[in-house]
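Note that the protein sequences, when read in sequence, are chains A and B. Quick note, the first sequence lines up with residues 1 to 116 if you use this note's numbering. Quick note, the second sequence lines up with residues 117 to 232 if you use this note's numbering.
No lab work stands behind these hints: they were computed from the structure. Honestly, I wouldn't trust all of these hints.
To be verified - Taking CB as the label site, the calculated pair distances span: (1) B:Pro155 <-> A:Glu17: 20 to 30 Å; (2) B:Thr134 <-> A:Asn58: 28 to 38 Å; (3) B:Arg144 <-> A:Pro40: 46 to 56 Å; (4) A:Ile60 <-> B:Glu220: 17 to 27 Å; (5) A:Val13 <-> B:Pro177: 19 to 29 Å; (6) A:Val85 <-> B:Ser186: 21 to 31 Å; (7) A:Phe54 <-> B:Pro155: 32 to 42 Å; (8) B:Pro155 <-> A:Val85: 43 to 53 Å; (9) A:Glu10 <-> B:Pro177: 36 to 46 Å; (10) A:Ser42 <-> B:Asp146: 21 to 31 Å; (11) B:Gly200 <-> A:Thr80: 15 to 25 Å; (12) A:Ser12 <-> B:Pro155: 18 to 28 Å.
Being a predicted model, the structure only gives us computed values, none of them experimental. Here a beta-carbon is modelled for each residue, glycine too, at the ideal position from N, C-alpha and C.
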Amino acid sequence: AQKVTQAQTEISVVEKEDVTLDCVYETRDTTYYLFWYKQPPSGELVFLIRRNSFDEQNEISGRYSWNFQKSTSSFNFTITASQVVDSAVYFCALSEQSGNNRKLIWGLGTSLAVNP
Amino acid sequence: AAGVIQSPRHLIKEKRETATLKCYPIPRHDTVYWYQQGPGQDPQFLISFYEKMQSDKGSIPDRFSAQQFSDYHSELNMSSLELGDSALYFCASSRRTSGSREDEQFFGPGTRLTVL
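The shape of chain B in the complex, shown without the other chains (with noise of 0.2 Å):
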C-alpha cells in the first residue's frame, strides 16, 4: 500500500540557508500535518491543512511557512535557518470521513535536517 512520502530524506544546511522540505500524502488523503522532531524530544506539532487550507497552527516558528497544493502535496518552507532547527521533521495524513478511521494519521519517513 501506498504509503506517505517525503524528501528529501536528509538536508544539511547551513545557518541563514533556506530548505523546503516536501510530503505527498496517501492518494485520497485530504489533511496533511507537519511535526518537528528535536533530537531526544517529543514530535511538536507545527501546522496542518485540510483542503488545502490552513486548519491549524501549532508551535510554528515566523521563519517557516506551508502549504498544501492543488494535489494535495504540501511543502514546509524554511527560512533563515538556526542551529536550533536541525531536527527531524515529519509528516502525517489522514482522511476526514465519517468512518472511524478519521483520526488515524499514517506518518512519513521524516526528514532528518542538520543546520551547520
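Just chain A, with the same shape it has in the complex (with noise of 0.2 Å):
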C-alpha cells in the first residue's frame, strides 16, 4: 500500500496564484518525518523542508508554507504567488526506520507548471 499519496499528479497554474500540493501519508511509527524535495528540470534533488511527527507548529518561508495536520496524517505544501521558476516536480517523502537506518519512502511527486 502506498505510504505517501501526492493525489495530484499534475498542476498547472497562472503566474502569481497561489498553489497547494497536497500530501498524505501512512505510518505506524509514534516517531517520523515528513520531507518535501523539489526536483527542478535539470533532476537534482532539492530539500525543501523536515518536519518531526511531534512538531505540528505551520512553517513559513518567504513564498512557501507548510501545513502539519497530523489529525489527518497531512503534510501539505503551498507555494504563494507563484513563479516560472517554481516550475518542477515536487515529492512529498516520509522516513521510517528500517534496520538500523531510516529510509525514505516517496510520494509518486506532483508536476507544477507555472506559465507566464
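Take the two lone chains, each set in its own frame, and fit them into one complex as the hints suggest.
Shown next, in the form of C-alpha cells:
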C-alpha cells in the first residue's frame, strides 16, 4: 500500500497564483519525519523542509508554507504568488525506521507547471 | 559547504555491459543511501550503508552490488545492464548522531545512466 500519497499528478497555474500541493501519509511509527523535495528539470533533488512528527507548528519560508495536520495525516505545501521558476516536480517523503537506519518513502510526485 | 559528490554525472552503456557509479558523502557523514529514479517515477530506495556495513536493502536487483569503503565513499556496481536500468541514480548521505539532524539525507546531483 502506498504510504505517501500525492493525489495531484500534475498542476498547471498562471504566474502569481497561489497553489497547494497535497500530501497524505500513512505510518505506524510514533516518531517520524516528513519531507518535501523539489526536482527541477535539471534533475537534482532540492531539500525544502523536514518536519518532526512531534512538531505540528506550521512553517513559512518566504513564499513557501507548510501545513502539517497530524489528525488527518497530511503535510500540505503551499506556494504563494507562484513564479515560473517554481515549475518542477515536488516530492513528499516519509522517513520510517528500517533496520538500523531510517529510509525515505516517497510519494509519486506532483508536477507543477507555472505559466507566464 | 561541501555537498555529496557523484561521478560520473552522465554515463552511456550498452546492454550487457557493466557500470560503476561512485558517491562521495559529505565529510563526517557515516551513512550512504542509493536511490534509483526511472523516468517519470519517484526515487526507489536501493540500499544503504552505515559505517561501511550494509544496513538496509531495498529493491536492488541481484545484478547490482554496492559497498562503502574505509573513506566512506560508496560504489554501486551494475552488471549485465538492461534497457530498464536507464535511470537517474541518486546517492544521499547523512550523519547518525543523537541530535535532531539524524534523518536529514543530503542528496547528490545524481548520475544519469542511459543503457542503449
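Consistency of the hints with the structure:
no.: 1; hint: B:Pro155 <-> A:Glu17: 20 to 30 Å; verdict: holds, 28 Å
no.: 2; hint: B:Thr134 <-> A:Asn58: 28 to 38 Å; verdict: violated, 49 Å
no.: 3; hint: B:Arg144 <-> A:Pro40: 46 to 56 Å; verdict: violated, 28 Å
no.: 4; hint: A:Ile60 <-> B:Glu220: 17 to 27 Å; verdict: holds, 20 Å
no.: 5; hint: A:Val13 <-> B:Pro177: 19 to 29 Å; verdict: violated, 39 Å
no.: 6; hint: A:Val85 <-> B:Ser186: 21 to 31 Å; verdict: violated, 41 Å
no.: 7; hint: A:Phe54 <-> B:Pro155: 32 to 42 Å; verdict: holds, 37 Å
no.: 8; hint: B:Pro155 <-> A:Val85: 43 to 53 Å; verdict: violated, 23 Å
no.: 9; hint: A:Glu10 <-> B:Pro177: 36 to 46 Å; verdict: violated, 30 Å
no.: 10; hint: A:Ser42 <-> B:Asp146: 21 to 31 Å; verdict: holds, 29 Å
no.: 11; hint: B:Gly200 <-> A:Thr80: 15 to 25 Å; verdict: violated, 40 Å
no.: 12; hint: A:Ser12 <-> B:Pro155: 18 to 28 Å; verdict: holds, 20 Å
Consistency note: the structure conflicts with the earlier hints numbered 2, 3, 5, 6, 8, 9, 11.
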